[in-house]
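Taking my numbering, the leading residue of the sequence shown gets 5, the next gets one more, and so forth.
Think of the hints as simulated: they come from the structure by calculation, not from any bench. Note that this is a predicted model, so its numbers are computed, not measured. For every residue, glycine included, the Cβ atom is placed at its ideal position computed from N, Cα and C. Please note that the accuracy of each hint is not assured.
[What the hints assert, rightly or not] No more than 30 angstroms apart at the CA atoms, straight line, and that leaves these computed lysine-lysine pairs for DSSO-like:
no., residue 1, residue 2
1, Lys-729, Lys-692
2, Lys-348, Lys-204
3, Lys-26, Lys-284
4, Lys-321, Lys-347
5, Lys-634, Lys-321
6, Lys-575, Lys-642
7, Lys-269, Lys-348
8, Lys-65, Lys-54
9, Lys-402, Lys-347
10, Lys-141, Lys-321
[To be verified] Derived CB-CB ranges, DEER-like:
no., residue 1, residue 2, range
11, Glu-621, Asp-309, 33 to 39 angstroms
12, Ala-526, Val-281, 22 to 28 angstroms
13, Lys-575, Leu-817, 25 to 31 angstroms
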Amino acid sequence: MSNIQNMSLEDIMGERFGRYSKYIIQERALPDIRDGLKPVQRRILYSMHKDGNTFEKGYRKSAKSVGNIMGNYHPHGDSSIYDAMVRMSQDWKNREILVEMHGNNGSMDGDPPAAMRYTEARLSEVSGHLLADIEKKTVPWAWNFDDTEKEPTVLPAAFPNLLVNGATGISAGYATDIPPHNLTEVIDAVVYMIDHPSAKLDQLMTFLPGPDFPTGAIIQGQDDIRKAYETGKGRVVVRSRTAVETLRGGREQIIITEIPYEINKAVLVKKIDDIRVNHKVPGIAEVRDESDREGLRIAIELKKDADTQTILNYLFKYTDLQVNYNFNMVAIDHYTPKQVGLKKILSSYIAHRCDVIVARSKFDKEKAEKRLHIVEGLIRVVSILDEVIALIRASENKADAKENLKVSYGFSEEQAEAIVTLQLYRLTNTDILTLQAEEQDLRELIATLTAIIGDERTMYNVMKRELREIKKQFGNPRRSDLEAEALAIEIDTASLIVEEETVVSVTRGGYIKRTSPRSFNASTLEELGKRDDDELIFHAQAKTTQHLLVFTNKGNVIYRPVHELTDIRWKDIGEHLSQFITNISSDEDLLYAEVLDDFDSGIYVAATQEGQIKRFERQELAPWRTYRTKSITFAKLKTPTDKLVMVAPSHGEDMMVVTHKGYALHFAIDEVPIIGLRAAGVKAINLKDEDWVVSAFLDQTPSFYLLTQRGSLKRMKTADIPLSKRAGRGLQVLRELKAKPHRVFQAGAIDAIAATSEDLDLFSNPLENSPITLDIMSNTGDIKSVDLTNLSLSERTSNGTFVTESISEQGVLAANIRL
């Protein structure tokens, strides 16, 4: 009970998570700034080195190496050890591989390596330089997990592995992404910094201008590289290396020979082929992966007359042919994770090599001094050889002989041991000369090592010489090209659209779709898929290169490129606007729709129920940035109850406005100013109390029709309403009755409807000379169809003729024009 502690959960979680975080930061995920290795990588290299599994010897089963590493140094799963070993052997992940492997060690396509029982591995030659001099007390050591052996906490690292091979990892609160670099350039930068400790970053970048990926490709953005080297964080563009080849028949194909670092080739090829299958960019005929032992090669065969540059730009923008590489240079420095720049990495490496070279020199000096002491004793023995032999012969045993040598001639314990174990052949004249030469060499070596230990300049010269030797032995040309500027990808969006014939339809309730000509021609117009209470307000032949504008009765306009509309069968209901437009209200109806080629010119006129009118330019409706999810306002409504009753393109025709109480006003369209989208407009007609605008239409034809709420219909001449000024009262077009007066339910220009019917001449469904039918529905559901083109003309003050007695008694619920 005495061991029970009362602690808050917050303290316990903080302490436990703190310990866990420290462990995975220092012991798993992040590399050391000095040798650029994570603990598992360091343990793999050291264990293989200790076992003699080195480059000059034969390969050894990976499973044996993994077992030794797991049993002696890394108490984790064998798969994590093997995965780390495999990665160090992959020449598309490392600029200089540290492990050589026989067998399947994975691929750029993301294929997994063969099991460890099938593959064989050994250290590469360059990794031997990471481990060189490790036995000379050059690095600190620590006990392994079960205190049975010691392991190095850092390797001597005769070259800057952190920069050469880079690193990637994620830990608690930290992540690292350090790109690989060219060995020659890194060593040149280190040598320069040794000679110029306070060198500026720009001077270092003349030697180390940027990363050098093992997969090559093109790196763009010199300023971004400089920023990353300065702060440890930045972003550059990595673009695939491409070329265009000409095929027979005038066709071309794009050849990709290098792709960005750490991109899965198989996934990239599939993504490009998906673009071909889904026709996201026209002109791609076939995509092939032609990679072989000679190297990477992806062929994108194009159709005849395809726009090669547009296709290439599209692929750069929307696939991993071009990616952003994010620098996040985090490493462990003095047991602490730090975001470091290029100068800090180089200076930390140089300081580490100083410690290694000094420690190695002290070890070698101590060893040389011990040997010199013995050699001096052996040389002295030669001059008193007869006395020494006599003394040894007179001794009782080895120990007595050693003691007599020490007492009689002043030899040390080490010298006495060497004398009594001396083989007789060593007393020949030749060996005496060899000992004298060895003495001379040892004295020179000790003098050199003393200079290295005591003189910083000498020590730095040794460091530079060793670095240059590694550069001479392992240096190779740069693979990645550097470009100063990241090139902007410009795509003509119109060129990406495959031109196809289609039919676009819009219903008043907000359902929009496009339909293939085949589906449309296999159906009748009445078979359109829609809700029972909905009606078709627009359908037209269109091309996928055109644009659709849809105007609502709440003053909003929705834009969709025709090619972005979902292709749906004519008999299916289609997509509702609310599925992609977020700012449309549930009580909003569609009023007018139009298919356009462009937004260069054109003027629209819009009128509201409360008597406002405006004109605005089509170019103001050019696609906005958020068109996929939001509509924009084309007419500001002054009150929440107001709504649009008319939107139409205007070509200079006069304007007719008809009100609920039977007043009509005819005025010139030029009296309506052209204003911005957010403006409310001007007054169209001077309304009486409890009156409102029912219909507004352009005076395109000699006659128009009126339908009252009592089911009375008439047709009258447009000339019966002479032109007057805007904002007037207008003339009455119905005779006022004391009992059950007629009120306008709907009005419109008859011949204008006939004119627009020619635009609806779709494919094999000609509508020329077809009747214009008005379907009138009573409040009880009775329907009467009337051909407006056969209506006789009536006087201005006439109330027209009842359509049917039943509709007259029941009242009108709805009326729709059917073409």
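Taking the hints in turn, this is what the structure says about them:
Our distance criterion of 30 angstroms between C-alpha atoms is met by Lys-729 and Lys-692, whose separation comes to about 17 angstroms. Taken as a hint, the Lys-348 and Lys-204 pair is honoured in the structure, with Cα atoms around 12 angstroms apart against an allowance of 30 angstroms. Among the hinted pairs, Lys-26 with Lys-284 is inconsistent with the structure: their alpha-carbon atoms are about 48 angstroms apart, more than 30 angstroms. For the hint linking Lys-321 to Lys-347, the alpha-carbon distance of about 34 angstroms lies beyond 30 angstroms, and the restraint is violated.
Between Lys-634 and Lys-321 the alpha-carbon distance is near 25 angstroms, which keeps this suggested pair within the 30 angstroms criterion. Note on Lys-575 and Lys-642: the hinted pairing is violated, with a Cα-Cα distance of about 40 angstroms set against a maximum of 30 angstroms. Between Lys-269 and Lys-348, the direct Cα distance comes to roughly 35 angstroms. Violation of the 30 angstroms bound is thereby established for this hinted pair. Between Lys-65 and Lys-54 the alpha-carbon distance is near 16 angstroms, which keeps this suggested pair within the 30 angstroms criterion.
The suggested pairing of Lys-402 with Lys-347 is violated, with an alpha-carbon distance near 61 angstroms, which exceeds 30 angstroms. In summary, the hint linking Lys-141 to Lys-321 is not supported, as the alpha carbons are separated by about 53 angstroms, beyond the 30 angstroms threshold. For Glu-621 paired with Asp-309, a C-beta distance near 36 angstroms keeps the hint of 33 to 39 angstroms intact. At roughly 25 angstroms, the beta carbons of Ala-526 and Val-281 sit within the given window of 22 to 28 angstroms.
In this structure the hint that Lys-575 and Leu-817 lie 25 to 31 angstroms apart at CB holds, the actual value being about 27 angstroms.
The earlier numbered hints that this structure contradicts are 3, 4, 6, 7, 9, 10.
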